[in-house]
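> The primary structure of each chain is shown beneath.
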Amino acid sequence: MQWWCTATGEVWTWTWRAYPGVWLFVALVAVVFRRFVAGPGSWSRAPRAERLMFVAGIVSLWLSLDWPLGPIAAGYLTSAHALQFLIVTMISAPLILLGSRTGTETRLASLAPAAEGEGSRGSAAVLLFHPIFAAILFNIVVAGTHVPGVVDDLMPTVAGAFFVDFAWLVGALVFWWPVIMPVPQYRHFGVPMKILYLLVGTLFHTVIGMVMLSASMPMYGVYELAPPVFAIHPKADQQLAGGIMELGVFLAIVIGCGVLFFRWAEADEKGR
Amino acid sequence: MAAVVSLLALGCATGADGALGDSSGAVPIVIPRPSFTLMATDGAPYDFAARTAGKFTFVEFGYTNCPDVCPIHLANLSAVLANLTPTERARTAVVFISVDPDRDSLAALRQYVGAFDKSFVGLRGTQDEVNAILAKFNFGPAMITTDSTGATFVSHASPVVLFTPNDTAHAMYPFGTRQADWARDLARLLKEYPAAAPTASVSRAYVVAAAAAPSAVYFELESSVPDTIVALTVDGFGSAMLHETSLSAATASMAMRDRIPVPAGITRFAPGGLHGMVSGSAERSMPSRGSAIGVTVVLARGGAIRAQGNVIAFTDVDTATALRGSARR
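Heads up: the protein sequence lines correspond to chains A and B, in order.
In terms of numbering that gives the first Met the number 0, the numbers along the first sequence are unbroken and rise by one, the last being 271.
In terms of numbering that gives the first Met the number 0, the numbers along the second sequence are unbroken and rise by one, the last being 328.
Pulled out of the complex, with its shape left as it was, chain B reads as follows:
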């Protein structure tokens, strides 16, 4: 009989190890929490980044007439969140963004999301606004078509994107994700991100103005906890890579790195060690020397850290950074 109970319980089993969502088919992603404002179901503008900052935020794009995927996701999320403690529940938010604003009035949206959970937030914007937000999630635009019988068909991205308190999404959950998957990942994340989220900052950021791409990027990163740099972006450049220069005897070699673990404290990205390389600025000319430029470092735990950098000439690198030879600390 014990064997039968064990077999029956298999469907509720949760894994203790492995990556986020590794058994649920969740797709790993890295997306900084986007900034946008849409009208909420309470009739007031909802500043997404500000209102959900520091919270585990589930974002779903859908529509109230959706017959399958949207209600299944919302019902399952509602059931999982109902099992959290009030403190944990206060650290989560579910935001449902309508991709069918013509049919989804704020009243209809309010009734729809409220049927699952009164705390769920429904947002509505114009089709263009919503499509622009979809693009920020790397999703394609919603497609709404009507056939000869007048039936409306809505095609849209269905995965649920989960942002962690560090303002970064690490995974999106496609249709097929079960309550056990959400619960397991959420339990792990709640432990991983205790109420006081880790802090990180970027300072002394410089982009070297080179006549021909690529150009080097240097900065200092300070993190309160051990973390991992997973991405680097520089405004105006198509791509930014993480590199590490190794010095041995009289030769120097440079290798590209997908992820760079960093210890708690300050890590310096400087000539002769860790640094970034940017390219893909062909569509616009290199910013002039001395001009400001935005640099964003994305950390696995610390999230997206944005800093204002300066464009410097190659000859000014030593003076600006004054860090040659001290790659990491």
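One chain only, chain A, in its complex shape:
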């Protein structure tokens, strides 16, 4: 039994393995969001669709981190690593936020006067939700966790592999927050700005995907020297990962932008 999925260098088998750290972490994320972000009682007040989105977000997070995708992504296939990244940052994080709106919106609204009245303390409290800060933080996380030396050093250790997954989730939650959760201080951050934010904010994904697609050799030693899985060559695996980064993230952002646009159009129609 191992705490977290890491690159072990062991030959891959389809024998199930327990990763209790993953279960604990996913449960902790659920508890933190229900108890401390949305607040007590928010679950019963939330519409059914919102509750379903929260469950889908938590389940997708669990499936992406646990066996079999977790260990394959940690130490065998770059493409699985990219798929895991896509699920955590583009599916789980927005779904968890969408599933936590009831309660969280009320708490954010109550934060507004306090923030305005308390000067720097209030500014610091909402800085985390500022779109520019969120985009910068997310892109630092995305770029930093895809540098070959960083990946090769972190993935073989429990702490390192956990840090990468944790950074992805936190970075993605911060990134999606300004789009999904209305922050009173940033009311001017309307739908057109949100669409622009999503398109520009994921630019580094495109760069990373392009590098993976065009690199003449495998970038990550941990995957290049991993025991073979599915008889896929390291370079082809890396190109597949690049494709997942390019197309997967693009699709997620297009869907996100589409939802934002149609809701905006719908609201505009009702307003008339």
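If you're looking for bench data, these hints aren't it; they were derived computationally from the structure.
All values reported here derive from a predicted model rather than from experimental measurement.
Treat the hints loosely; a few may be bogus.
[Claimed, not checked] One side of the interface only, derived from the structure: several residues of chain A facing chain B at Cβ under 10 Å:
1. Ala225
2. Ala264
3. Ala266
[Unchecked claim] The following residues of chain A were derived to be distant from chain B, with all beta-carbon distances above 10 Å:
4. Gly8
5. Val10
6. Trp13
7. Trp15
8. Ala17
9. Gly20
10. Trp22
11. Arg50
12. Leu68
13. His129
14. Pro130
15. Lys234
16. Arg262
17. Glu265
[As the list claims (entries may be wrong)] A few chain A residues facing chain B, derived, Cβ under 10 Å:
18. Ala230
19. His232
20. Ile252
We treat Cβ as the ideally placed atom computed from N, Cα and C, and that holds for glycine.
The hints should help you fit chain B onto chain A, whose structure is shown.
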């Protein structure tokens, strides 16, 4: 953004300077290309030395059921060689020698190596034959054990040995060597060893018959390019060292040399200058005066040069060599 691209590209960076494999953890070695014949996957005997002569030859010992190191090495080599030009590719060979002949039939071996690259050569011999070949590479024998459940475990030397066109291996690559490492070293070697390999020859080799070891070795070396002598061996002697005698005023001093650079042309190893010293012949008596004896000079670029020498008496040194005082040219 440029900084991110640069950071991402770090994993593919290749160094321009430094020794062969110095960043890949490759181990420097000097092994002359060995001679042996095993059965190839096409069903015909494969004379290794003859078939791979003059080629960059990657040799890997492994087995088809190997779950990790063997397929990773072969897959990475296949990917690196695929990036070569057809001319460069024609100058390379990959030979995979099975250490598990009981389970690796020629058909299984053919299917296995062919899955990586159709040009890869699979060789199969008896366990004793393969272990004898492993010894020529200074590797220990393969160990095959079966546990109580019937599972078979194979323990064998995993580094890939690379021979250059001068019929000498200069480095072996352990597990952990990446495609970028192979590509960088191969690119450097392709430049260092252009299609026409340098030529070298050894002649007028003499071993002085001494009543007690050590004995001196003299010879003439002719090389078409500047080169470096990295080793000297004389048949029947356990060790051979390279020495240089320096004369100053009325005293002579002798110093051992690990490597001796030689210019293009003829370099003479003669009394009073460069020479070899052999010892360790206790297990057998000194060959008799006038008998033939094999002398091998290993050059960094020119590879292993073998010559037939003669055993001479100490009193015949001047007559035989006729070179006193002209150590190098």
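> So, for every hint listed, does it hold in this structure?
Evaluated hints:
Here the hint on Ala225 of chain A is kept, as its CB sits about 8 Å from the closest CB of chain B, short of 10 Å. Violation of the interface hint for Ala264 of chain A is found here, the shortest Cβ-Cβ separation to chain B being roughly 33 Å, above the 10 Å cut-off. Here the hint on Ala266 of chain A is broken, as its CB sits about 35 Å from the closest CB of chain B, past 10 Å. Distance check for Gly8 of chain A against chain B: the nearest CB is about 8 Å away, which does not clear 10 Å, and the non-interface claim fails.
Remark: the non-interface label on Val10 of chain A conflicts with the geometry, its nearest Cβ contact in chain B lying 4 Å away (cut-off 10 Å). Non-interface call for Trp13 of chain A relative to chain B: holds, since the shortest CB-CB distance, roughly 14 Å, exceeds 10 Å. The Cβ of Trp15 of chain A sits about 19 Å from the closest Cβ of chain B, beyond the 10 Å cut-off, so the non-interface label holds. No beta-carbon of chain B comes within 10 Å of the beta-carbon of Ala17 of chain A; the shortest separation is about 23 Å.
Gly20 of chain A, annotated as away from the interface, keeps every beta carbon of chain B farther than 10 Å; the closest lies near 26 Å. Distance check for Trp22 of chain A against chain B: the nearest CB is about 29 Å away, which clears 10 Å, and the non-interface claim stands. Non-interface call for Arg50 of chain A relative to chain B: holds, since the shortest CB-CB distance, roughly 39 Å, exceeds 10 Å. No beta-carbon of chain B is positioned within 10 Å of the beta-carbon of Leu68 of chain A; the least distance is around 21 Å.
In this structure His129 of chain A is separated from chain B by more than 10 Å, as the shortest Cβ-Cβ distance comes to about 21 Å. Its beta-carbon lying about 19 Å from the closest one in chain B, Pro130 of chain A satisfies the requirement of being farther than 10 Å from that chain. Against the 10 Å criterion, Lys234 of chain A falls within the reach of chain B, whose nearest CB is about 6 Å from its own CB. No beta-carbon of chain B comes within 10 Å of the beta-carbon of Arg262 of chain A; the shortest separation is about 31 Å.
Every Cβ of chain B is farther than 10 Å from the Cβ of Glu265 of chain A; the closest lies at roughly 36 Å, confirming the non-interface assignment. Annotation: interface hint on Ala230 of chain A holds; nearest CB of chain B at approximately 8 Å, less than 10 Å. The closest approach between the C-beta of His232 of chain A and any C-beta of chain B is roughly 6 Å, which is under the 10 Å cut-off, so the hint is satisfied. Hint status for Ile252 of chain A relative to chain B: violated, with the closest Cβ pair at about 18 Å, above 10 Å.
Of the numbered hints stated above, those contradicted by the structure are hints 2, 3, 4, 5, 15, 20, listed in ascending order.
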